[in-house]
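These protein sequences, in sequence, are chains A and B. Oh and the first sequence: position 228 is 228 in my numbering, straight run, nothing missing. Oh and the second sequence: position 65 is 370 in my numbering, straight run, nothing missing.
All clues given are correct.
Pairs of lysine-lysine residues, derived as DSBU-like cross-links and limited to a Cα-Cα distance of at most 30 Å, are as follows:
#1 B:K311 to A:K16
#2 A:K155 to A:K92
#3 A:K92 to B:K307
#4 A:K16 to B:K307
#5 A:K239 to A:K16
#6 B:K476 to B:K488
Note that these hints are calculated values from the structure, not bench results. Only a predicted model underlies this, so the values are computations on that prediction, with no experimental measurement involved.
These are the residues of each chain, in order.
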Amino acid sequence: MSGVDLTVKIGRLTLKNPVLVSSGTFGYGREFADFFDINRLGGIITKAITPQPRPGNPPPRTVETPAGLLNAIGLENCGLEAFVREKMPYLKTLDTAVIVNVAGASEQDYVDVVRRLAEEDGVDGFEINISCPNVKEGGIEFGTRPEPAAALVGKLRRETDKTLIVKLSPNVTDPCEIAEAAEGAGADAFSLVNTFRGMAINQETGRPVLGNRIGGLSGPAIKPLALYQVYRLSLKSTKSIIGMGGIFNTADAMEFIYAGADAISVGTANLVRPTASLEIVEGLEAYCAARGVGRIGDCVGRAHE
Amino acid sequence: MKYFLKAKVRENTVLSEGWHALRIECPEIAASASPGQFVQLRAWEGASPLLARPIGVAGVPAAGEILLWVQRVGDGTRLITGLKAGDAISVTGPLGRGFTMPAAGETVYFAAGCVGAAPLRFVAERQQAGVKSIFFYGAGTQCDTVAPLADPVISGMEVVVTTDDGTCGEKGFVTDALRSALKNKKPDRILACGPMGMLRAVAALAAEAGVKCEVSMESHMGCGLGACNGCVVSVKDGTGKKYAHVCTDGPVFDSDYIDWEAF
Numbered sequence: 001m002s003g004v005d006l007t008v009k010i011g012r013l014t015l016k017n018p019v020l021v022s023s024g025t026f027g028y029g030r031e032f033a034d035f036f037d038i039n040r041l042g043g044i045i046t047k048a049i050t051p052q053p054r055p056g057n058p059p060p061r062t063v064e065t066p067a068g069l070l071n072a073i074g075l076e077n078c079g080l081e082a083f084v085r086e087k088m089p090y091l092k093t094l095d096t097a098v099i100v101n102v103a104g105a106s107e108q109d110y111v112d113v114v115r116r117l118a119e120e121d122g123v124d125g126f127e128i129n130i131s132c133p134n135v136k137e138g139g140i141e142f143g144t145r146p147e148p149a150a151a152l153v154g155k156l157r158r159e160t161d162k163t164l165i166v167k168l169s170p171n172v173t174d175p176c177e178i179a180e181a182a183e184g185a186g187a188d189a190f191s192l193v194n195t196f197r198g199m200a201i202n203q204e205t206g207r208p209v210l211g212n213r214i215g216g217l218s219g220p221a222i223k224p225l226a227l228y229q230v231y232r233l234s235l236k237s238t239k240s241i242i243g244m245g246g247i248f249n250t251a252d253a254m255e256f257i258y259a260g261a262d263a264i265s266v267g268t269a270n271l272v273r274p275t276a277s278l279e280i281v282e283g284l285e286a287y288c289a290a291r292g293v294g295r296i297g298d299c300v301g302r303a304h305e
Numbered sequence: 306m307k308y309f310l311k312a313k314v315r316e317n318t319v320l321s322e323g324w325h326a327l328r329i330e331c332p333e334i335a336a337s338a339s340p341g342q343f344v345q346l347r348a349w350e351g352a353s354p355l356l357a358r359p360i361g362v363a364g365v366p367a368a369g370e371i372l373l374w375v376q377r378v379g380d381g382t383r384l385i386t387g388l389k390a391g392d393a394i395s396v397t398g399p400l401g402r403g404f405t406m407p408a409a410g411e412t413v414y415f416a417a418g419c420v421g422a423a424p425l426r427f428v429a430e431r432q433q434a435g436v437k438s439i440f441f442y443g444a445g446t447q448c449d450t451v452a453p454l455a456d457p458v459i460s461g462m463e464v465v466v467t468t469d470d471g472t473c474g475e476k477g478f479v480t481d482a483l484r485s486a487l488k489n490k491k492p493d494r495i496l497a498c499g500p501m502g503m504l505r506a507v508a509a510l511a512a513e514a515g516v517k518c519e520v521s522m523e524s525h526m527g528c529g530l531g532a533c534n535g536c537v538v539s540v541k542d543g544t545g546k547k548y549a550h551v552c553t554d555g556p557v558f559d560s561d562y563i564d565w566e567a568f
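Okay, chain A solo, but in the shape it has when bound:
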């Protein structure tokens, strides 16, 4: 062993290392279990769960763009009860943090999911998705103004003592305003960024490629934009930050950590290389060992100096 301390704290949770996998890119974990021991990760963030099953958006749902991926999946998921019945038994066997991404069309939807899972062993925290760009009733109304964000987080705070992470949208004038309001209402941590709104148009038909017309952009194309948002929030907030947006390798992950992220989350890279997240876990350890860094937490926010 290298002796590097990779543990980090996110809200009330201690992760064995700072590497998470982003909601919607890693299924419910099992999909990747053939490729590596997913207990090596700091944690996994599940596909969004809504109270009722959702079929998702009409196809096409993805379009490749230069160094990026546009998606409009539309929060397709099996619904809360099927999640508990079919996905939780496997998640409970894991020796890594399980963070459930929660979405909904109303405050009550979020409350229903958090209340049901608050007492479930095997759920370590919640990522509150108030930033899905692809669904009208997908919670974005809570993510674009401070007051509804605070009201929602306040309600959820009363439902659980588990870590509440608020996932922020970059598609607002100032994500820090939303974060400040959520922090005041009891949020433990923030994850950012969700995807940037975008679209692609078919040259033959002159019409949008995505079935949903618009989608969210992820991948290396957004990394500098995401990095800036993480840097900016970390200057203003004392809460834990999970940085994400185009992280494909160890160097990308370190950039986010230096920018102020306590942990990082690997998203689109999981679709490209199923082992990308594990490579980053090993890469961070090697990076620190090679530089004599005893504790990865000491690197957080160095870019502020």
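Go by the hints and put chain B onto chain A.
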């Protein structure tokens, strides 16, 4: 079990303009792939193109290797078809659900459109003795008939060729030939792979004739693992389910499960 492997190209042969046969050394995948399954290929570093490319397995011609037929259509397939023997390539697979293998004594009609012949070739390669099969193959022009007609597995069967321009075989679509054949004799099943318009037409013929039919569907593909939910097709399902995942529910589906009206 699925694998993500750094594999090696054993051979890359140009079969006709833009149509390559790649033999890739990946013993784990070769040992477990079944006809109709696919692999995700990535043969470049960097972020462009971003995603791996899904390609149907065309066969296991020798121990430890898979055969892929790749047609050069965009940036990803240009890079893949540009590989040389000894070059590295990432291969994830085997992925998805394949075709129902015809049982002994059955008659099967294959309906293939252009490079869609690849997964059907794999069915034929694995087909047990006592299956009677006819391989209906359609392409735009003569050039695209070279690869399948020269293939030892396909050429060992009864083959009916059509081309849009009449430069090889009958002038017309593969569905024209299939329609005539269905009038003479109905097979136990039809297995089809090709462009969406062709699959829809094959599905309609099969429904009309009352013959079981399986189609291999295509979609923009994200992970290929059932994790991102990006690759759906519209389906008809009594339970009200609207979409199925091409990567894990398919790519091979019963043709009457697909909601062809949605395309």
